[in-house]
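Chain A is fixed; fit chain B onto it per the hints.
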Amino acid sequence: GQNIDQPTEMTATEGAIVQINCTYQTSGFNGLFWYQQHAGEAPTFLSYNVLDGLEEKGRFSSFLSRSKGYSYLLLKELQMKDSASYLCAVNTGFQKLVFGTGTRLLVSP
Amino acid sequence: GAGVSQSPSNKVTEKGKDVELRCDPISGHTALYWYRQRLGQGLEFLIYFQGNSAPDKSGLPSDRFSAERTGESVSTLTIQRTQQEDSAVYLCASSRTWDEQYFGPGTRLTVT
Numbered sequence: 173g174q175n176i177d178q179p180t181e182m183t184a185t186e187g188a189i190v191q192i193n194c195t196y197q198t199s200g201f202n203g204l205f206w207y208q209q210h211a212g213e214a215p216t217f218l219s220y221n222v223l224d225g226l227e228e229k230g231r232f233s234s235f236l237s238r239s240k241g242y243s244y245l246l247l248k249e250l251q252m253k254d255s256a257s258y259l260c261a262v263n264t265g266f267q268k269l270v271f272g273t274g275t276r277l278l279v280s281p
Numbered sequence: 313g314a315g316v317s318q319s320p321s322n323k324v325t326e327k328g329k330d331v332e333l334r335c336d337p338i339s340g341h342t343a344l345y346w347y348r349q350r351l352g353q354g355l356e357f358l359i360y361f362q363g364n365s366a367p368d369k370s371g372l373p374s375d376r377f378s379a380e381r382t383g384e385s386v387s388t389l390t391i392q393r394t395q396q397e398d399s400a401v402y403l404c405a406s407s408r409t410w411d412e413q414y415f416g417p418g419t420r421l422t423v424t
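Heads up: the protein sequence lines correspond to chains A and B, in order.
Adding 172 to a residue's 1-based position in the first sequence gives its number in my numbering.
Adding 312 to a residue's 1-based position in the second sequence gives its number in my numbering.
Careful, some of the hints might be misleading.
[Claimed, not checked] Below 20 Å or equal to it, Euclidean Cα-Cα: the simulated EDC-like pairs (lysine to aspartate or glutamate) are:
1) A:Lys-268 / B:Asp-368
2) B:Lys-369 / B:Glu-356
3) B:Lys-323 / A:Glu-213
4) A:Lys-229 / B:Asp-411
5) A:Lys-268 / B:Glu-380
6) B:Lys-323 / B:Asp-336
7) A:Lys-240 / A:Glu-227
8) A:Lys-229 / B:Glu-412
[As the list claims (entries may be wrong)] Computed far set for chain A versus chain B, every beta-carbon distance over 10 Å:
9) Gly-187
10) Thr-198
11) Glu-213
12) Asn-221
13) Lys-229
14) Gly-230
15) Ser-237
16) Lys-240
17) Leu-250
FYI, nobody ran anything at the bench for these hints, they're computed from the structure.
We put the beta carbon where it would ideally sit given N, CA and C, even for glycine.
With the rest of the complex left out, here is chain A:
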């Protein structure tokens, strides 16, 4: 079967750094995506990793270790608007994405 695990909820303060972890066990692997989803809105793309290592994009970075079945999303200089759910999704092949249940991040002043 397919299994993607993320923490259910995390809290952090404005200006801080937070790391959201994702572990996966899937029948295939063709890349890992991170999406941001604000309440009541559609998910929006944040990052894509297919090779091991760190991908940096502004305040957001994403890391992948294929041998460990592990990824994390790093958010720096947190802002209130970063309060959202963060979804980890694995492309298991043939363009099928399997999503985790998401991590709800609450940023406080």
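Structure of chain B alone, referenced to chain A:
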């Protein structure tokens, strides 16, 4: 250019009725996906269309669910004899190939 659009944005229906949800993908995107998201849950894959290939229906939860797509354009998701457990947000996404999926705003379905 325009993003993925879905209609209706909200649908309230009585148990046992049929509903049809519509998705207009981004022009030129060959792949189209339907997902279901129950309250507080992650996205659940339903069905995937790629060009003129046979769709991947492996995520459809029952034979009450079906979807069609004409070429690389509009898709409709039909739920027959709706049940209360069908209440959810139905999200459509499209992509060019294997990369980033662009999501529509979703249709919130409530079955009473």
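Exercise. Which of the stated hints cannot be reconciled with the structure, identified by number in ascending sequence?
Worked result: Going through the list in order, the structure violates hint 11 alone and respects the others.
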